[in-house]
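The lines below spell out each chain.
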Amino acid sequence: ETGVTQTPRHLVMGMTNKKSLKCEQHLGHNAMYWYKQSAKKPLELMFVYNFKEQTENNSVPSRFSPECPNSSHLFLHLHTLQPEDSALYLCASSQVAGGSYEQYFGPGTRLTVT
Amino acid sequence: AQRVTQPEKLLSVFKGAPVELKCNYSYSGSPELFWYVQYSRQRLQLLLRHISRESIKGFTADLNKGETSFHLKKPFAQEEDSAMYYCALSGLGGNKLVFGAGTILRVKS
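If you're matching them up, the sequences are chains A and B in order.
Read in order, the letters of the first sequence correspond to residues 1 to 114 in my numbering.
Read in order, the letters of the second sequence correspond to residues 1 to 109 in my numbering.
No lab work stands behind these hints, which were simulated from the structure alone.
Possibly wrong hints are sitting among the right ones.
[Claimed, not checked] Derived pair list, reagent style DSSO-like, types lysine-lysine, alpha-carbon separation capped at 30 angstroms:
| # | chain 1 | residue 1 | chain 2 | residue 2 |
| --- | --- | --- | --- | --- |
| 1 | A | LYS18 | B | LYS96 |
| 2 | A | LYS18 | A | LYS52 |
| 3 | A | LYS36 | B | LYS65 |
| 4 | B | LYS73 | A | LYS41 |
| 5 | B | LYS57 | A | LYS36 |
| 6 | A | LYS22 | A | LYS41 |
| 7 | A | LYS36 | B | LYS73 |
| 8 | B | LYS108 | B | LYS9 |
| 9 | A | LYS36 | B | LYS22 |
| 10 | B | LYS96 | B | LYS57 |
| 11 | B | LYS9 | A | LYS41 |
| 12 | B | LYS96 | A | LYS22 |
| 13 | B | LYS73 | A | LYS40 |
| 14 | B | LYS65 | A | LYS40 |
| 15 | B | LYS65 | A | LYS41 |
| 16 | B | LYS9 | A | LYS40 |
| 17 | A | LYS52 | A | LYS36 |
| 18 | A | LYS18 | A | LYS36 |
| 19 | B | LYS9 | A | LYS36 |
| 20 | B | LYS73 | B | LYS15 |
| 21 | B | LYS108 | A | LYS40 |
| 22 | B | LYS96 | A | LYS52 |
| 23 | A | LYS41 | A | LYS18 |
| 24 | B | LYS108 | B | LYS22 |
Whenever a hint applies, use it, and build me the whole structure from the sequences.
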């Protein structure tokens, strides 16, 4: 598998469930990102990890909990979500070393909260 | 605050016609601007960035700091250009991207 992969591709969960989204990049990058894409808003950056350290939390509610165990893997743990959290969640990766680099996106996980 | 505005949700043109997708930004520092594209059933991907000053698939974009704009242009649209186009901004040297709402480009035959 090449590029950025995300699993699952589709997820339906109730408001009391706990689930996790997984992202893996096979590009040797050192930065990873979570974005939320909903119908009513532009693509929103949620979290940024540089060299496994979280460097950005864009005022995301605590019911979303990211985890970056190494530079190739990124998780988004979900618990007690709300219906308005239903959206496409995109993962991306890039190099980062004193310059802006192209971000490579995964296919996304379509999340529906019931 | 960083903000990117794409005023058109949908732009429909005929094949062979010129295309201009508008993008305006708000940023107090030195920005880096990008255009990302998402073709049907494909993932979001970089089309071009202002720093590279290159033409990709016939598209060009010039950063106009006076007008705070980064419009995407192509002289002759092709049907395969039909896609969703996003303008994005980051601080120079940074990796935090702010996206516009996107513009759907439809090229009709």
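Structure-based check of each hint:
no.	hint	result
1	A/LYS18 <-> B/LYS96	28 angstroms, holds
2	A/LYS18 <-> A/LYS52	23 angstroms, holds
3	A/LYS36 <-> B/LYS65	29 angstroms, holds
4	B/LYS73 <-> A/LYS41	25 angstroms, holds
5	B/LYS57 <-> A/LYS36	28 angstroms, holds
6	A/LYS22 <-> A/LYS41	23 angstroms, holds
7	A/LYS36 <-> B/LYS73	28 angstroms, holds
8	B/LYS108 <-> B/LYS9	17 angstroms, holds
9	A/LYS36 <-> B/LYS22	23 angstroms, holds
10	B/LYS96 <-> B/LYS57	26 angstroms, holds
11	B/LYS9 <-> A/LYS41	12 angstroms, holds
12	B/LYS96 <-> A/LYS22	21 angstroms, holds
13	B/LYS73 <-> A/LYS40	26 angstroms, holds
14	B/LYS65 <-> A/LYS40	29 angstroms, holds
15	B/LYS65 <-> A/LYS41	26 angstroms, holds
16	B/LYS9 <-> A/LYS40	12 angstroms, holds
17	A/LYS52 <-> A/LYS36	20 angstroms, holds
18	A/LYS18 <-> A/LYS36	18 angstroms, holds
19	B/LYS9 <-> A/LYS36	19 angstroms, holds
20	B/LYS73 <-> B/LYS15	14 angstroms, holds
21	B/LYS108 <-> A/LYS40	27 angstroms, holds
22	B/LYS96 <-> A/LYS52	15 angstroms, holds
23	A/LYS41 <-> A/LYS18	25 angstroms, holds
24	B/LYS108 <-> B/LYS22	19 angstroms, holds
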